[in-house]
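Asks: Now for the letters of each chain:
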Amino acid sequence: MKHVNTVVKSCLHKEGKIGCGECNSSCQSACKTSCTVGNQSCARREERVNTKKESK
Amino acid sequence: MVHCFTYTHEGKPLFFAWDVESGSLHNVDEAAFLVCKNKFGELTDEERQKFDAVSDVEKREIEEELFKLESEGLLNTPETRVDLPFSGEIKAMCLHICHDCNLRCSYCFAKDGTYNTPRDYMSFEVGKAALDFLFENSGNRHNLEVDFFGGEPLMNFDNVKKIVAYGKEKAKSIGKDIKFTLTTNGVLLNDAAIEYLNAEMDNVVISIDGRKEVHDKLRVSPNGKGSYDVALKNAKKFRAVRGDKRYYIRGTFTQNNLDFSVDALTLNDEGFDQISLEPVVLPDESPLAIHESDLEKVYEEYDKLSEEYIKRRKGEKWFNFFHFMIDLKNGPCVAKRLTGCGAGKEYVAVTPTGDIYPCHQFAGGDGKYYMGNVLSGTFDRNIQKTFAGINVYSKEECNKCPAKYYCSGGCAANSYNFNKDLKKPYGLSCKMMRRRLEDSLAIYCIEHGGND
Ligand code: SF4
Ligand code: SF4
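Chain order of the listed sequences is A and B.
Using the numbering used here, read the first sequence as starting at 4 and increasing by one per residue.
Using the numbering used here, read the second sequence as starting at 257 and increasing by one per residue.
Next up, chain B with everything else stripped away, as it sits in the complex (with noise of 0.2 angstroms):
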């Protein structure tokens, strides 16, 4: 599969033929991508003129490069299958550790941080069980992880603080290493919270929407205070402390701020080097939700970020925004590009009562993936094979998308909630996926200039 895209920098286009089955990317002139596109896709009507006052003399020149590249494996590589292993370990865990929030965001897709359950914390005991399970369950998976999540994780620190220790006690006793993030609304993050989590955390996610007036009109406390000013005041200092290690902010995008652009760089104008802005996923009856017709708008931001990011990054304001990030060089296998996020097979969620969900978009809904609980020892491996089978190659839309590789077929949560078949993705997300996909390709050729 050869997909041609083009990208406009500085007001000129450039030209792509991205070679997805090797992950060989040409920077090619308007021609052999004419050439490229005729051959391997589908010209436009306007492509097709253009391609018919080629020479015939170009047209040779450019079919004998092309004739060379796919001799050398690096255009119209056929695709090789592989085998995806499946041992029934589980590596990643994310803890529920407190279904409640102290914020109303009007786009939770945990309803107040509840999941429609009881407001609930997690103990100890349930946190210790779940570990016990995730190490049991490891095999000889070495690198363990666990994300706390709520709900706001800082709602119930003293028993984050008891369970990462004894999950680090327990890891380094049996010779693994176990690594944990928190999520948070940075609502509580005072000064003990900031020392704490620098020192123990992997990894820190702090929620900030870009702009105050966006932020607030939707992370709002109960008596519908907006949260931007506190939330931002602590993100900076944690951001003043914590150095080269990892964290990040990330923010959602709505129906409310279709030039999340302007949110992504205003992150960045307050001192953030590592933004995330993701677009919202809600039903389409929602006043929020983004919709087919909004996506040249989206298209159109994304490109407009690309084109700033660029430049912000050759100088002070560098900054990494994570759907442009793309490792071409050292990315994962293959293996773990065709499995994602392994929700169900091997990463999983437990609840403050212990139950077992393929991850935590399950828990709280229809039960259907109820996967067993840590307190009483059950575990539904019938129900983990069935996330094991999903993958790009069970996935009809999946094989022949250009984005496979990187996308690895959606998020099965969306899919179950959309389409009701874990195996059909979410059509809208992909197509902002491959957008973002081209966008990074091209901020890859611009910034390292050309050969291999």
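Chain A extracted, bound-state conformation (with noise of 0.2 angstroms):
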């Protein structure tokens, strides 16, 4: 395309079997964990958030 480009297409998944729940709790108070769920990663999938400087 010429005025757009995708960065990511579609990245929620709202199909199949979700809220499991064995993914990491994530409080987001000033004091605590400080993670929102922006930078968690699904249990159930292999690949994490780039934690790392490798894996980024």
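A couple of the hints might just be wrong.
Listed below are the simulated DMTMM-like cross-link pairs for lysine to aspartate or glutamate, each with C-alpha atoms no more than 20 angstroms apart in a straight line [to be verified]:
no.	chain 1	residue 1	chain 2	residue 2
1	A	K5	B	E534
2	A	K12	B	D285
3	A	K12	B	E321
4	B	K680	B	E652
5	B	K656	B	E321
6	A	K17	B	E335
7	B	K585	A	E25
8	A	K12	B	E335
9	B	K468	B	E534
10	B	K435	A	E25
The calculated label-pair distances, taken between Cβ atoms and stated as ranges, are [to be verified]:
no.	chain 1	residue 1	chain 2	residue 2	range
11	B	E456	A	M4	31 to 37 angstroms
12	B	D339	A	M4	34 to 40 angstroms
13	A	M4	B	K492	45 to 51 angstroms
14	A	M4	B	V497	46 to 52 angstroms
15	A	M4	B	D550	36 to 42 angstroms
16	A	M4	B	R337	41 to 47 angstroms
17	A	M4	B	D312	15 to 21 angstroms
18	A	M4	B	R304	22 to 28 angstroms
19	A	M4	B	P539	47 to 53 angstroms
20	A	M4	B	P269	18 to 24 angstroms
21	B	E266	A	M4	20 to 26 angstroms
22	A	M4	B	E703	18 to 24 angstroms
23	A	M4	B	D636	52 to 58 angstroms
24	A	M4	B	G395	44 to 50 angstroms
Covered stretches of chain A, going by a simulated chain B footprint (3 or more residues, C-beta under 8 angstroms) [what the hints assert, rightly or not]:
no.	stretch
25	4-17
26	24-32
Quick caveat, the hints were computed from the structure, so don't treat them as lab data.
Idealized CB from N, CA, C, for every residue including glycine.
Grab the two chains, each in its own frame, and use the hints to assemble them into the complex.
Replies: Below you can see the structure in the form of structure tokens.
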């Protein structure tokens, strides 16, 4: 396309069995783990968010 | 919902259209940005003038491209609602191992670590009963989490060790996986503690605020002496042995250091590569509080930090800033995104006396959401249901917010503390959240350079 470059196609998993709850909990308060779900990974998928330099 | 935003990289503007419901991110040119924003949002006066100057031919061309994206489900995607399961299972627990602290940080929400309760240390018996409660209520959940929190957990280190040993053995015997985290101010992080935490903790969180003068002004011992030198020295030692295992340095920024990008970079300069800096959450009247009027400065700092972040991540000083980390490929499912922290629903906090609260921030408050006690075996399922009902769908503001799948509806404790309503988000945090998210998306685009 001339005007639009799609960086990421759909990334929200809405289908199938969702909500198994096996992923990390994610407090976002200032005094705690400071994780929003934006930086969480699905426990059932292999690849994790880029927490290490090697895997960026 | 389509959210159009800009980001300035190396002095040049980048334009984005973000399809909230599908999660698709488009890097567009300025003309397409204006057409998109005109179509899905509201142009500013200045943008309107520019939009008017785009030729009809170009506008048509852009409309065609947008139409194609819409038909592929990558733009203006309608919302699909999902069921949010509630099983009543508990999977994570915050153990208030110690309601006491060796520091007197001015901004501590827990009032010197005491939570407005008498100074107290959790016994092994209470810790064991708490873990038993977790195991018994974890149902089919395999992955369980426990975090040691205070006050200062290392002031009750012997019981931390006993509780961890008990938890790991019991988990093994019933075929579950239990992970432990400990948050410390670093003062008591001696060689023996470093060795133990490195071996036993899945994650270790050390609180340092950045620059010495910033840290020492607020993170002081009872006699008023700053704790920076000792915390930094110990944190560096810990970092040296930690390797690739999980840890992070977390700090708080306040009215005293609205130029917090310097603090994040200072931590990186000290050799840390996992860094989080959070805005303090305090009532407006506190001298340390961040106000609406500070937002422009806060945004400016996030933007400044993001530019330096992109640079540093290309070289030796690579680091992660928690609020810029975003997983656009393998993030959690939508159910998780819509429910967030799970406080009171699948996550609870237990105090030294065994009292159960929805999370650490509700402990020692007005007691409204006291849930029970692990020693007496009480647990209020009605409160659990109330908290299970807190999600993006149940919050009016969040439903309309472009950040909803990343923020998950914010912190229920902040909502309650500021608005006396679990479902009314704390607006100042929302604004910062949305800005950080825009920066994170732009960083992702710059680092990944384009196509999916
Ligand atoms: S930023 Fe605020 S309005 Fe948006 S989802 Fe989070 S809590 Fe809700
Ligand atoms: S309610 Fe707030 S402080 Fe409590 S666990 Fe959730 S995000 Fe954290």
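Asks: For every hint, state whether the structure bears it out.
Replies: A quick look at each hint next to the structure:
1. A:K5 to B:E534: Violated, at about 39 angstroms.
2. A:K12 to B:D285: holds (18 angstroms)
3. A:K12 to B:E321: holds (15 angstroms)
4. B:K680 to B:E652: At roughly 8 angstroms apart (the allowed maximum being 20 angstroms), B:E652 and B:K680 satisfy the hint.
5. B:K656 to B:E321: Violated, at roughly 25 angstroms.
6. A:K17 to B:E335: holds (11 angstroms)
7. B:K585 to A:E25: holds (18 angstroms)
8. A:K12 to B:E335: holds (16 angstroms)
9. B:K468 to B:E534: holds (17 angstroms)
10. B:K435 to A:E25: holds (12 angstroms)
11. B:E456 to A:M4: 31 to 37 angstroms: violated (52 angstroms)
12. B:D339 to A:M4: 34 to 40 angstroms: About 36 angstroms separates the Cβ atoms of B:D339 and A:M4, which means 34 to 40 angstroms holds.
13. A:M4 to B:K492: 45 to 51 angstroms: holds (49 angstroms)
14. A:M4 to B:V497: 46 to 52 angstroms: holds (50 angstroms)
15. A:M4 to B:D550: 36 to 42 angstroms: Holds: the Cβ-Cβ distance is about 40 angstroms, inside 36 to 42 angstroms.
16. A:M4 to B:R337: 41 to 47 angstroms: violated (30 angstroms)
17. A:M4 to B:D312: 15 to 21 angstroms: holds (19 angstroms)
18. A:M4 to B:R304: 22 to 28 angstroms: Hint holds: Cβ distance 25 angstroms, inside 22 to 28 angstroms.
19. A:M4 to B:P539: 47 to 53 angstroms: holds (49 angstroms)
20. A:M4 to B:P269: 18 to 24 angstroms: holds (19 angstroms)
21. B:E266 to A:M4: 20 to 26 angstroms: Since B:E266 and A:M4 have Cβ atoms about 24 angstroms apart, the given range 20 to 26 angstroms holds.
22. A:M4 to B:E703: 18 to 24 angstroms: holds (21 angstroms)
23. A:M4 to B:D636: 52 to 58 angstroms: holds (55 angstroms)
24. A:M4 to B:G395: 44 to 50 angstroms: Given a distance of about 48 angstroms, which is inside 44 to 50 angstroms, the answer is holds.
25. 4-17: Result for this restraint: holds, n = 14.
26. 24-32: Check passed, 9 qualifying residues.
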